[in-house]
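Trainee: Below, each chain spelled out in residue letters.
Protein chains: 4
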Amino acid sequence: MSETIGFIGTGMMGEPMARNLLRAGYAVKVYNRTRDKARALASDGASLVQTPAEVAAPNGIVITMLANDQAVEETAFGADGFGPALRGGIHVSMSTIAPATAERLAAKHREHGGRYVAAPVFGRPDAAAAKKLWICTSGERTFKERVRPVLDALGQGIIDFGEKPGAANVIKLSGNYLILAATQAMAEAFTLAEKNGIARTAVADFFGKTLFACPIYQAYGKFVAEENYDPPRFRLALGLKDISLVLDTAKASEVPMPVASLLQQRMLSAVAKGRGHLDWSAIALLVSEDAGLE
Amino acid sequence: MSETIGFIGTGMMGEPMARNLLRAGYAVKVYNRTRDKARALASDGASLVQTPAEVAAPNGIVITMLANDQAVEETAFGADGFGPALRGGIHVSMSTIAPATAERLAAKHREHGGRYVAAPVFGRPDAAAAKKLWICTSGERTFKERVRPVLDALGQGIIDFGEKPGAANVIKLSGNYLILAATQAMAEAFTLAEKNGIARTAVADFFGKTLFACPIYQAYGKFVAEENYDPPRFRLALGLKDISLVLDTAKASEVPMPVASLLQQRMLSAVAKGRGHLDWSAIALLVSEDAGLE
Amino acid sequence: MSETIGFIGTGMMGEPMARNLLRAGYAVKVYNRTRDKARALASDGASLVQTPAEVAAPNGIVITMLANDQAVEETAFGADGFGPALRGGIHVSMSTIAPATAERLAAKHREHGGRYVAAPVFGRPDAAAAKKLWICTSGERTFKERVRPVLDALGQGIIDFGEKPGAANVIKLSGNYLILAATQAMAEAFTLAEKNGIARTAVADFFGKTLFACPIYQAYGKFVAEENYDPPRFRLALGLKDISLVLDTAKASEVPMPVASLLQQRMLSAVAKGRGHLDWSAIALLVSEDAGLE
Amino acid sequence: MSETIGFIGTGMMGEPMARNLLRAGYAVKVYNRTRDKARALASDGASLVQTPAEVAAPNGIVITMLANDQAVEETAFGADGFGPALRGGIHVSMSTIAPATAERLAAKHREHGGRYVAAPVFGRPDAAAAKKLWICTSGERTFKERVRPVLDALGQGIIDFGEKPGAANVIKLSGNYLILAATQAMAEAFTLAEKNGIARTAVADFFGKTLFACPIYQAYGKFVAEENYDPPRFRLALGLKDISLVLDTAKASEVPMPVASLLQQRMLSAVAKGRGHLDWSAIALLVSEDAGLE
Numbered sequence: 001m002s003e004t005i006g007f008i009g010t011g012m013m014g015e016p017m018a019r020n021l022l023r024a025g026y027a028v029k030v031y032n033r034t035r036d037k038a039r040a041l042a043s044d045g046a047s048l049v050q051t052p053a054e055v056a057a058p059n060g061i062v063i064t065m066l067a068n069d070q071a072v073e074e075t076a077f078g079a080d081g082f083g084p085a086l087r088g089g090i091h092v093s094m095s096t097i098a099p100a101t102a103e104r105l106a107a108k109h110r111e112h113g114g115r116y117v118a119a120p121v122f123g124r125p126d127a128a129a130a131k132k133l134w135i136c137t138s139g140e141r142t143f144k145e146r147v148r149p150v151l152d153a154l155g156q157g158i159i160d161f162g163e164k165p166g167a168a169n170v171i172k173l174s175g176n177y178l179i180l181a182a183t184q185a186m187a188e189a190f191t192l193a194e195k196n197g198i199a200r201t202a203v204a205d206f207f208g209k210t211l212f213a214c215p216i217y218q219a220y221g222k223f224v225a226e227e228n229y230d231p232p233r234f235r236l237a238l239g240l241k242d243i244s245l246v247l248d249t250a251k252a253s254e255v256p257m258p259v260a261s262l263l264q265q266r267m268l269s270a271v272a273k274g275r276g277h278l279d280w281s282a283i284a285l286l287v288s289e290d291a292g293l294e
Numbered sequence: 001m002s003e004t005i006g007f008i009g010t011g012m013m014g015e016p017m018a019r020n021l022l023r024a025g026y027a028v029k030v031y032n033r034t035r036d037k038a039r040a041l042a043s044d045g046a047s048l049v050q051t052p053a054e055v056a057a058p059n060g061i062v063i064t065m066l067a068n069d070q071a072v073e074e075t076a077f078g079a080d081g082f083g084p085a086l087r088g089g090i091h092v093s094m095s096t097i098a099p100a101t102a103e104r105l106a107a108k109h110r111e112h113g114g115r116y117v118a119a120p121v122f123g124r125p126d127a128a129a130a131k132k133l134w135i136c137t138s139g140e141r142t143f144k145e146r147v148r149p150v151l152d153a154l155g156q157g158i159i160d161f162g163e164k165p166g167a168a169n170v171i172k173l174s175g176n177y178l179i180l181a182a183t184q185a186m187a188e189a190f191t192l193a194e195k196n197g198i199a200r201t202a203v204a205d206f207f208g209k210t211l212f213a214c215p216i217y218q219a220y221g222k223f224v225a226e227e228n229y230d231p232p233r234f235r236l237a238l239g240l241k242d243i244s245l246v247l248d249t250a251k252a253s254e255v256p257m258p259v260a261s262l263l264q265q266r267m268l269s270a271v272a273k274g275r276g277h278l279d280w281s282a283i284a285l286l287v288s289e290d291a292g293l294e
Numbered sequence: 001m002s003e004t005i006g007f008i009g010t011g012m013m014g015e016p017m018a019r020n021l022l023r024a025g026y027a028v029k030v031y032n033r034t035r036d037k038a039r040a041l042a043s044d045g046a047s048l049v050q051t052p053a054e055v056a057a058p059n060g061i062v063i064t065m066l067a068n069d070q071a072v073e074e075t076a077f078g079a080d081g082f083g084p085a086l087r088g089g090i091h092v093s094m095s096t097i098a099p100a101t102a103e104r105l106a107a108k109h110r111e112h113g114g115r116y117v118a119a120p121v122f123g124r125p126d127a128a129a130a131k132k133l134w135i136c137t138s139g140e141r142t143f144k145e146r147v148r149p150v151l152d153a154l155g156q157g158i159i160d161f162g163e164k165p166g167a168a169n170v171i172k173l174s175g176n177y178l179i180l181a182a183t184q185a186m187a188e189a190f191t192l193a194e195k196n197g198i199a200r201t202a203v204a205d206f207f208g209k210t211l212f213a214c215p216i217y218q219a220y221g222k223f224v225a226e227e228n229y230d231p232p233r234f235r236l237a238l239g240l241k242d243i244s245l246v247l248d249t250a251k252a253s254e255v256p257m258p259v260a261s262l263l264q265q266r267m268l269s270a271v272a273k274g275r276g277h278l279d280w281s282a283i284a285l286l287v288s289e290d291a292g293l294e
Numbered sequence: 001m002s003e004t005i006g007f008i009g010t011g012m013m014g015e016p017m018a019r020n021l022l023r024a025g026y027a028v029k030v031y032n033r034t035r036d037k038a039r040a041l042a043s044d045g046a047s048l049v050q051t052p053a054e055v056a057a058p059n060g061i062v063i064t065m066l067a068n069d070q071a072v073e074e075t076a077f078g079a080d081g082f083g084p085a086l087r088g089g090i091h092v093s094m095s096t097i098a099p100a101t102a103e104r105l106a107a108k109h110r111e112h113g114g115r116y117v118a119a120p121v122f123g124r125p126d127a128a129a130a131k132k133l134w135i136c137t138s139g140e141r142t143f144k145e146r147v148r149p150v151l152d153a154l155g156q157g158i159i160d161f162g163e164k165p166g167a168a169n170v171i172k173l174s175g176n177y178l179i180l181a182a183t184q185a186m187a188e189a190f191t192l193a194e195k196n197g198i199a200r201t202a203v204a205d206f207f208g209k210t211l212f213a214c215p216i217y218q219a220y221g222k223f224v225a226e227e228n229y230d231p232p233r234f235r236l237a238l239g240l241k242d243i244s245l246v247l248d249t250a251k252a253s254e255v256p257m258p259v260a261s262l263l264q265q266r267m268l269s270a271v272a273k274g275r276g277h278l279d280w281s282a283i284a285l286l287v288s289e290d291a292g293l294e
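Chains as they are written, first to last, in the numbering used here: chain A, 1 to 294; chain B, 1 to 294; chain C, 1 to 294; chain D, 1 to 294.
One chain only, chain A, in its complex shape (with noise of 0.2 Å):
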């Protein structure tokens, strides 16, 4: 008989990691908030439910995969929550959170009886879809072993950051901040060059294909590049509640981050002038704005 997960959270990449769950064998029991948005996971076979609660069992593991650090703490121990229902089973807590949070959680959790797993990912929906997540661990080893062929059924590869909780947070959290960094660099040096007629696309090929031939200057460059924002992969208003974290979490630990802080405050602009709903590289508009440029 298989194995049972619970999934809170089934957006625009909660649900198709669900659905490799389901693919992968697993008995799945979903929770949304937004019961409609998860009816066609119940087509592939999960079960739905009504609380959040219902989605744990004794020694069970239930993931979340929600929009922020509220919504993660709200499932996990709000009214009809389902920390206290795990009972020696795993939260295993793949959205991006603050590490102050998971360490919170975690500390929740072992007065509960249950334990707290951090392995949030990195990719779009799209590579949700085709099991290329990167995943990142932290947490006590017995419990990261215990949910590893879980994880083997969501993603490419996991990378283990060690026992405290909030490790592998940091690290989610760094790499979304570098991924806005080259975001914005770019967006500047395609400006630059779009101003001295020179082809934005050309720039990015260019850099795609030599010194930063790697995914993340391929993807964000063709966006940035062709400006395109409009559907969003990731929301540019999650961008800015991820980079606020980053930000929280370099206070808390006295590090001054100045071009975090800087594209924070663009990010925010963004926001503020209507953006928030475009993809987040949509921080390059700004760059073109104050370039005189439409």
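Check each hint, because a few of them may be wrong.
Because identical chains share one entry, a pair is satisfied inside a single copy or across any pair of copies.
[To be verified] Think about it this way: if two alpha-carbon atoms lie no more than 16 Å apart in a straight line, the pair counts; the simulated EDC-like pairs of lysine to aspartate or glutamate are:
(1) Lys209 x Asp160
(2) Lys108 x Asp69
(3) Lys241 x Asp69
(4) Lys273 x Glu254
The hints are simulated quantities; they were obtained by calculation from the structure and are not laboratory data.
Assemble the complex: chain A is given as a structure, and chains B, C and D must be docked to it using the hints.
Mentor: Coordinates of chains B, C and D only, in the frame set by chain A:
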């Protein structure tokens, strides 16, 4: 009988480049301000001359690989400059200089009956030695075609950016800016990780194998993770020169570059603190210091 | 018989303020977490109590002058908080706190039948002693009128910013930001002068007598010119708290503040370097260091 | 018989200054590139000449009040320059130029037997008309003494910064930077207030009467609060030139100026957006735009 190439500037980059020309069967006439630095090339078969003018022959090719704009302009059109001696020949300018300087040189050569091809390169000294440079070109088509075999002897690929003399320089400067931006962003991320108990090298390793699996992040990630800044691969003082050329060009073309500008100020600080002789990736030291680390 | 005022928080600012109330003829009930720090006031006639709740009387006035938002919220509505005891009375909140905290406190007081008046102040401890504070108010008109005589005993002027509970705090935070921005700008200018052979004090003196002949430039210009940061007039660690509140408020209201954000990162660096106990004008030290001085 | 002063540059500042010299009883010989702009002065008694050289007389005094470094250098030592005609006379250079240009001019004058006194001014055109300029001087003592009566006819105070020809220019540039930094900081603070429901003018008014009760905050606070940028008092394009001179000087003396550098990029954006003709306080428009306001 083999064609003769004039070569001016046999520093860390120029020396292995000139050697590759010799290996490719060209006769090479070398001028270097500090004559002693060119001796090794002489024993490899190059002929050493006393003035820039002597490297040029009518209809010939002269390559410059020098530290800054002023050096290129002086060797071309200063006292004993080679420019007037080119008569029908081509100046292949491979140094990192301002697009505006390229335009000025191109115009001057035209006045004197010579031609100008911009051909700045990407790659550190070891890449120069291994013929692994990436060469960006711009200038008149006919002349780019004529110098192509010579460039083929120096790099792994030639990418063209059109007829404007300064275009290739815009790309070269943009590339150096992108490298510096990536370096600073990694320095911020690694320092955040370090102060959260995660090894810098673990972070560099992860990103270099996944999202940023490309030469620049792998090389500079390692430098910054291991704080390996001495001996320099590319001197920080020259890096400050380059990022300043980026900003000069951006100012002339009315393109605000907020991250580039922030990096310039930090490179300036590194020079003020006596680090101009280190590798330019030592911009990362300021990030550690600002976080209260040694 | 004189009216009784409750006073919570007798630090560098609170102590001279409470003393001025005594001098103006008010009876003053004092609570301070560290009781010893309030002894001097006791010998001046104040009565010391053991809990925040004891300073309050129905329909009375309670002033808070504390280090941060959390301290204000705890003394008002934590264990033994004075809030529930106000019944019809007014909480005059004079600390530098977030506008959002002010709104929250105002709502809570309303629930408990009390009222909230924001009255943050500008001025260093010597100004507090000399009744030279500037007091910004916001809140319901009736209640502001009732507390006006009390505020008159503390400052040289009261400026009102309307009925929104948090408005005065926006002004207070803005003011602290303007001071910090002026300090950093002077630090940059003085360091430029210094490295060009001009005495820092000559520059401070000139601007303080001409274009910037006003209290802030004169005082902070002198601090920064003479590098006089110890003992602190206002601790740098508190300054970091304030500039962070500015940015939190700006983020909530979607206002990018690029200079404020840059300053926050530099204050964070000062704290990381162990300067949190110095005067906040010590933000200037980083400017000198970045220029290779010291 | 009255002394004759040569005066070059009768723009918004130069015209009222030259008029004050006439009023003080000096004979004034005027050269302006656009001759028509000097007609009004002619009807006030000035004599108009056709070339810069004609304003000079041996042992005489020539004042320049021009838009940029290049204009000063050309009128002094270009074709028909007045420099060689000074023979023993003094060039009083009152424009805002780079300290390096001042040093270069001083050296050239010495070669030709003339002298150079730096005397840049603070004040807008209305202050020039009202003899309310602040004048900073540097240069050789003897020559500063000789020109003092002339300067007394132009300003409300003369402040000396020693013998180095460029010192007064460092102060002038620093002052313009301080003004711009204050303007940007106010723009950020006022926009924060605005989005929190507080009138911009109320904030400007409060600070202008209390902490920042000085000319710059009062004037620029009003401009920025009322968004009054046209007609310009000082053109933004010239402001960009000045902040760029600040940064050039800072780079040459190895002084990182992070706020100045951020402001330069924002001024550049303002120019790119077609605002070069507005008052330089229009740097504030970008703050409003970045916050999503019109």
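Trainee: Determine for every hint whether it applies to the structure shown.
Mentor: Results of checking the hints against the structure:
{"no.": "1", "hint": "Lys209 x Asp160", "in the structure": "between (30 Å within a copy, 14 Å between copies)"}
{"no.": "2", "hint": "Lys108 x Asp69", "in the structure": "within (14 Å within a copy, 26 Å between copies)"}
{"no.": "3", "hint": "Lys241 x Asp69", "in the structure": "within (10 Å within a copy, 23 Å between copies)"}
{"no.": "4", "hint": "Lys273 x Glu254", "in the structure": "between (31 Å within a copy, 9 Å between copies)"}
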